[in-house]
Amino acid sequence: MAKVAFTENIQRHVPCPETEAEGATVREVLEQVFAGNPRARHYVLDDQSALRKHMIVFVDGKAIADRTGLSDPVGAESRVYVFQALSGG
Amino acid sequence: MSDTLLVSTRKGLFTVARTAAGWEIDRVDFLGDNVSLTLTDPRDGVRYAALDHGHFGVKLHRSSGDGWEEIAAPQYPEKPEGYEEHDMWGRPLAWSTARIWALAAGGADEPGVVWCGTLPGGLFRSADHGASWQMARALWDHPKRKQWMGGGADLPGIHSIIVDPNNSRRVFIAVSTGGIWLTEDGGESWVQRGEGMRADHVPPELTHDPIAQDVHCLVQCPAATQRMWVQHHNGIFVSSDEGRNFTEITNVEPSVFGFPVVVHPSDPDTAWFVPEIKDEKRIPRDGKLVVTRTRDGGRSFEILSRGLPQSHAYDVVYRHALALDAKGERLAFGSTTGGLWVSEDQGESWREVTHTLPPVYAVRFG
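Chains as they are written, first to last, in the numbering used here: chain A, 1 to 89; chain B, 1001 to 1366.
Read the hints as simulated data drawn from the structure, not as lab findings. Do not take every clue at face value.
With a cut-off of at most 20 angstroms between alpha-carbon atoms, the simulated EDC-like pairs for lysine to aspartate or glutamate come out as follows [unchecked claim]:
| id | chain 1 | residue 1 | chain 2 | residue 2 |
| --- | --- | --- | --- | --- |
| 1 | B | K1278 | B | E1253 |
| 2 | B | K1079 | A | D66 |
| 3 | A | K53 | B | D1033 |
Kindly produce the complete structure, drawing on both the sequences and the hints.
Take a look at the structure:
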């Protein structure tokens, strides 16, 4: 199972403890996390379920390429980080 | 008369209360966070606060007493597969709430109904105190909606919502830029209003087109609903037939440009504005912060300055940052440079509450 960690800055709005989730893509992994933490979903994804403009997701140290479909692959041992991008100020 | 002000700022929500010593900051909520707007529902006292967390998106909170709880924020519908829509800049238009720019209580006969206007142009209605929201699809799907353009922001937005006090199914909205729209069936169908307004920033063939109008703020006199006032990008306009036709008012010193307007609840001829030099110079003229008031339907205006800074004041007052209480006696406004002033005599004199707030986005009694 992939390990999923969230930016510290999101914690005061909605607690998002580090967790583990299963899935072959970023979408599958995040959907599993949000199934157990539904409030977190709209802090990370926009109304069309794309990554919010100034959010960024890293898989094993690499920023994902598909910010809309979240189709980037995730391995069983991957580490997924959900951070805010500095572009958002 | 209301003894409470809710002041929405770039860095928190400040509750200001009238005490024996004057108006004082009584409470701070959401300190550090961007609060764009509040609504105190006059029917049940429930408060709503719109927050913009930037990275984490737009949120809504509700308070029925002491604390705040996060509730659902309006959510745009899923974009149909393969459907493409672009904004005025040619970029793909995101069907996603970019800002909450208007909050209004429904009519007296529909408790729990709240309306919400957003960027990029979606209007939402809740029938359960904001627990869930439904988009007014007829407006979003209206072919002319795609002609709306950005005004103060890159994207078009609904900033004014007026529910007819005599018929809750009649709702006016105003759009920057997109003019004035009316539904008479609770949102099932929409027509454009607002003949007579004039837009200088478009080609001549569009100058008088109601959809090209950059309405900054629209208000209606609750006791005389035929009367509407508009603070527009090009100046001040007044209507005596419920927004069908507007007349431009030009004889206003120090200027006709500004963002907010409020109208007296029972006297349709009395309205207040906060002028700035003009669109490309958005500061008070000569560094003197003033409020203008008409009491004769726009035939004449008074400049109200007693108690306001009259030297090197560069305060800008946004469209939601001027408030009038329900009795029409007290006014308050906040500025981009953190000033907050209150008048208890219809604007004749003003008292500074503070000049060290974060940039003020909205001021509301309640």
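We went through each hint and held it up to the structure:
1. For a cut-off of 20 angstroms, the pair hint linking K1278 (chain B) to E1253 (chain B) stands: about 12 angstroms separates their Cα positions.
2. Our distance criterion of 20 angstroms between C-alpha atoms is met by K1079 (chain B) and D66 (chain A), whose separation comes to about 18 angstroms.
3. A distance of roughly 18 angstroms separates the Cα atoms of K53 (chain A) and D1033 (chain B); the hinted pair therefore holds under the 20 angstroms criterion.
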